[in-house]
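Student: Keeping the supplied structure of chain A fixed, place chain B upon it in accordance with the hints.
If you read the protein sequences in the order shown, they are chains A and B. Per full-length UniProt numbering: the first sequence = residues 1 to 417. Per full-length UniProt numbering: the second sequence = residues 1 to 417.
Read the hints as simulated data drawn from the structure, not as lab findings. A hint or two may mislead.
A few chain A residues facing chain B, derived, Cβ under 8 Å [unchecked claim]: (1) Thr22; (2) Thr364; (3) Arg371; (4) Phe407.
The calculated lysine-lysine pairs, modelled on DSS-like cross-linking and capped at a C-alpha distance of 27 Å, are [as the list claims (entries may be wrong)]: (5) Lys91/A - Lys108/B; (6) Lys218/B - Lys7/A; (7) Lys284/A - Lys226/A; (8) Lys226/A - Lys15/B; (9) Lys111/B - Lys111/A; (10) Lys91/A - Lys15/A; (11) Lys15/B - Lys111/B; (12) Lys226/B - Lys15/A.
The beta-carbon is built from N, C-alpha and C at its ideal position, and this holds for glycine as well.
There are 2 protein chains.
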Amino acid sequence: MSQQLAKEISQRAAKAARAVATLSEADKNKVLQKMADAIRAHQDKIIEVNKKDLVAGKEKGLSDAMMDRLELTPERVEGMASAIEEIINLKDPVGDSYLLEERPNGLKIEKMRIPLGVIAMIYEARPNVTADAGALCFKSGNAVILRCGREAIESSKAIAEALHEALEQSGLPKDVITVVPTPDRELMTELLQQKDYIDLVIPRGGEGLIHYVSDTSKIPVIQHYKGVCHLYVDKDADLDKALAILLNGKTQRTGVCNALEGLLVHQDVADKFLPMAAKALGEKDVTIHADKRSVGYFDGADEIGDDQFGEEYLALEIAVRTVDDFDAALEHIQQFGSGHTEVIVTENDDTAKRFIREVDSAVTMANASSRFSDGGQLGLGAEIGISTSKLHAYGPMGLQALTTEKFVVTGNGQIRE
Amino acid sequence: MSQQLAKEISQRAAKAARAVATLSEADKNKVLQKMADAIRAHQDKIIEVNKKDLVAGKEKGLSDAMMDRLELTPERVEGMASAIEEIINLKDPVGDSYLLEERPNGLKIEKMRIPLGVIAMIYEARPNVTADAGALCFKSGNAVILRCGREAIESSKAIAEALHEALEQSGLPKDVITVVPTPDRELMTELLQQKDYIDLVIPRGGEGLIHYVSDTSKIPVIQHYKGVCHLYVDKDADLDKALAILLNGKTQRTGVCNALEGLLVHQDVADKFLPMAAKALGEKDVTIHADKRSVGYFDGADEIGDDQFGEEYLALEIAVRTVDDFDAALEHIQQFGSGHTEVIVTENDDTAKRFIREVDSAVTMANASSRFSDGGQLGLGAEIGISTSKLHAYGPMGLQALTTEKFVVTGNGQIRE
Numbered sequence: 001m002s003q004q005l006a007k008e009i010s011q012r013a014a015k016a017a018r019a020v021a022t023l024s025e026a027d028k029n030k031v032l033q034k035m036a037d038a039i040r041a042h043q044d045k046i047i048e049v050n051k052k053d054l055v056a057g058k059e060k061g062l063s064d065a066m067m068d069r070l071e072l073t074p075e076r077v078e079g080m081a082s083a084i085e086e087i088i089n090l091k092d093p094v095g096d097s098y099l100l101e102e103r104p105n106g107l108k109i110e111k112m113r114i115p116l117g118v119i120a121m122i123y124e125a126r127p128n129v130t131a132d133a134g135a136l137c138f139k140s141g142n143a144v145i146l147r148c149g150r151e152a153i154e155s156s157k158a159i160a161e162a163l164h165e166a167l168e169q170s171g172l173p174k175d176v177i178t179v180v181p182t183p184d185r186e187l188m189t190e191l192l193q194q195k196d197y198i199d200l201v202i203p204r205g206g207e208g209l210i211h212y213v214s215d216t217s218k219i220p221v222i223q224h225y226k227g228v229c230h231l232y233v234d235k236d237a238d239l240d241k242a243l244a245i246l247l248n249g250k251t252q253r254t255g256v257c258n259a260l261e262g263l264l265v266h267q268d269v270a271d272k273f274l275p276m277a278a279k280a281l282g283e284k285d286v287t288i289h290a291d292k293r294s295v296g297y298f299d300g301a302d303e304i305g306d307d308q309f310g311e312e313y314l315a316l317e318i319a320v321r322t323v324d325d326f327d328a329a330l331e332h333i334q335q336f337g338s339g340h341t342e343v344i345v346t347e348n349d350d351t352a353k354r355f356i357r358e359v360d361s362a363v364t365m366a367n368a369s370s371r372f373s374d375g376g377q378l379g380l381g382a383e384i385g386i387s388t389s390k391l392h393a394y395g396p397m398g399l400q401a402l403t404t405e406k407f408v409v410t411g412n413g414q415i416r417e
Numbered sequence: 001m002s003q004q005l006a007k008e009i010s011q012r013a014a015k016a017a018r019a020v021a022t023l024s025e026a027d028k029n030k031v032l033q034k035m036a037d038a039i040r041a042h043q044d045k046i047i048e049v050n051k052k053d054l055v056a057g058k059e060k061g062l063s064d065a066m067m068d069r070l071e072l073t074p075e076r077v078e079g080m081a082s083a084i085e086e087i088i089n090l091k092d093p094v095g096d097s098y099l100l101e102e103r104p105n106g107l108k109i110e111k112m113r114i115p116l117g118v119i120a121m122i123y124e125a126r127p128n129v130t131a132d133a134g135a136l137c138f139k140s141g142n143a144v145i146l147r148c149g150r151e152a153i154e155s156s157k158a159i160a161e162a163l164h165e166a167l168e169q170s171g172l173p174k175d176v177i178t179v180v181p182t183p184d185r186e187l188m189t190e191l192l193q194q195k196d197y198i199d200l201v202i203p204r205g206g207e208g209l210i211h212y213v214s215d216t217s218k219i220p221v222i223q224h225y226k227g228v229c230h231l232y233v234d235k236d237a238d239l240d241k242a243l244a245i246l247l248n249g250k251t252q253r254t255g256v257c258n259a260l261e262g263l264l265v266h267q268d269v270a271d272k273f274l275p276m277a278a279k280a281l282g283e284k285d286v287t288i289h290a291d292k293r294s295v296g297y298f299d300g301a302d303e304i305g306d307d308q309f310g311e312e313y314l315a316l317e318i319a320v321r322t323v324d325d326f327d328a329a330l331e332h333i334q335q336f337g338s339g340h341t342e343v344i345v346t347e348n349d350d351t352a353k354r355f356i357r358e359v360d361s362a363v364t365m366a367n368a369s370s371r372f373s374d375g376g377q378l379g380l381g382a383e384i385g386i387s388t389s390k391l392h393a394y395g396p397m398g399l400q401a402l403t404t405e406k407f408v409v410t411g412n413g414q415i416r417e
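The following block holds chain A by itself, in its conformation from the complex (with noise of 0.2 Å):
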């Protein structure tokens, strides 16, 4: 029943795919505004039944974080129009064309992006995703497949009624955006053999759930697993923005996949920036797991053996280690990174260019902090996820993302010899 139930949902979906694939921006602006009139119309209603959710929750001793997460205050659902409304300013990049050559033959070949399809998303306790990602999904021509977790689903049921009443109004079908109706494991595992409807999988959520969503899936998936970041202290580096870089990286947020996980100092500045790193991290009450010729630095730190790196503590918590040089560094992030983030502090800029070339990571910096490792603070507006596989999207993934593009050729009559 339940394979039933997921083919008929992909269908319908695939469907109503292709009835916003050629959709205008301006047309597309115009049902976006919409869906967040109808959002901010709907918000006692999302409240109330957001509070079942919590309810629910409560009873089934959900941890405050998840809580946290889950809960929809009037400020959050006015949070959740206006990042529809955010959308709505970015361009949309399907029907963007470019020459790639004119042939000899006199053929013009164009390349011209397109949207995908039908995406699915699968995601845990986050409400907000719903309008999320039914908005980012619908303003780049696709249309959506939300399968919310048993926590949040009478939340996100409420919040796809206030979007379905917009496009209702502007005469597109439902199915543009569907929240599947149950949540049991059963159907999510259905929809993930719909290979001939659903083109693309975003999961968002633990460990656990991605390696199941990655194991079962016969359609293409987009793997996040974790993030565990370097910052890599140059012999050449100012250690004074070595310091903030740390700080802010270690301290700022801790529970996120940009947060620095891993500490590397050259030998030749260990002397000098170890010291400065033991005192301001000491102040935040950060727990150090050192190397041999780094734990002596710091005080009460916990000694660590070569296979012990690589750890996603998301806490106050880092690893360190002093290494003799940028290769041994390099090599240190090739074995123990995760190709999420990862950062240099050096002032020699043969040294920053090369460990921007040479570290395979999806988002490689040079003095900055990695908290800038997100979809709004590299520009890309709102982002509907993370890739840290190369297929398709390498990084956090923002409207282009979710399109593709295909090959246009026009002639007047050639014939191939």
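Tutor: Coordinates of chain B only, in the frame set by chain A:
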């Protein structure tokens, strides 16, 4: 044991990939020239080994077409060498970068092209793929694992020996280009699980192979099942151009995925065009399968029902349908097309533009033969495969499709508030 071997091969390839990822274009071109030279120097040996594959193939009763693909002559070996020299002339996309934006806080956000890492090619009886794919992956900074079918494996190993000589003369590891030692399916299946080391799988072969690879792989797979390409002759078509494009698309070469398999004719021009088509296709002995409205125009045509379209004949056969209008043509293509190549013939620019915009196909064409739909004809240079799924690449794949983009952020100490 297969599992252990697959892991070893993949790990070694991943390590070798790092050695080629940052080579300069000039250095890569020098190695490619050595590869071409080595192929020439090894010509006698390659042909000698190829004879063994041919003898074994004959014993196994391979089809004439397969035997032809398998056979290497002096001319064909020279063809492999000169194909590598053509790859030298293609622009290396790795390292290309462009500014996305300069943020208000002074951060410079760029994107930079980088290699994917390790590509696995899975193919059947074409030994020349060993040289082509080896050279294309190398030029784009990737390592490649070549899993050749049983029929051509000895020839492929002999070709790889020449390539390895060039790599070793250049101080590069042989693992940059690996020919899998045995063609057994168990080892292939284990290779397809190595998602920690292999970044992309490109299968080339029959639909059965591609389905098997897609269903088995834990690594993203470029999918290219079939080519069911249509020609739509619009009411505003120049019928002489339409006839030339029809004949070229159907009869210039039949066993290829960019051959025409379907003809759609607007009812307003059916009376005029179908007799022209009947005469020309009749002279070429093309078998016709036609709908009720079209069948009377053709001698000896076979009438087919509305659900019998969408066949990939790969032969002198074509399906013909008279459609009410442009929308009916689009609907037919939506239902029966394979996302490969779709062609309109019309003198009406607006109609052509609508077709190009609305048809969901990797290549959409106006007034040109579908036979132009390959990497060489579209100006990509050599082609490593064709994707008819939209993720990562859509359509013929050249060097750029073997790369991805990362974000590069440069600042002077910025931290996030």
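Student: A separate judgement is required for each hint: does it hold in the structure or not?
Tutor: We went through each hint and held it up to the structure:
For Thr22/A, the shortest C-beta to C-beta distance to chain B is roughly 5 Å, which falls under 8 Å, so the interface hint holds. A hinted interface residue such as Thr364/A counts as satisfied when its beta carbon comes closer than 8 Å to some beta carbon of chain B; here the least separation is about 6 Å, so the hint holds. Checking Arg371/A against chain B by beta carbon gives a least distance of about 4 Å; that is within 8 Å, so the hint holds. This hint holds: Phe407/A has a C-beta 4 Å from the nearest C-beta of chain B, less than the 8 Å allowed.
Our distance criterion of 27 Å between C-alpha atoms is met by Lys91/A and Lys108/B, whose separation comes to about 20 Å. Straight-line distance between C-alpha atoms of Lys218/B and Lys7/A comes to about 23 Å, which keeps the hinted pair within the 27 Å bound. The straight-line distance between the Cα atoms of Lys284/A and Lys226/A is roughly 24 Å, inside the 27 Å bound, and the hint therefore holds. In summary, the hint linking Lys226/A to Lys15/B is supported, as the alpha carbons are separated by about 22 Å, within the 27 Å threshold.
Distance check on the hinted pair: Lys111/B and Lys111/A sit about 19 Å apart at the alpha-carbon level, within 27 Å; holds. With a C-alpha separation of about 25 Å, the suggested pairing of Lys91/A with Lys15/A holds against the 27 Å cut-off. With a C-alpha separation of about 25 Å, the suggested pair Lys15/B and Lys111/B falls inside the 27 Å cut-off, and the hint holds. For the suggested pair Lys226/B and Lys15/A, the alpha carbons sit about 22 Å apart, so the restraint of at most 27 Å is met.
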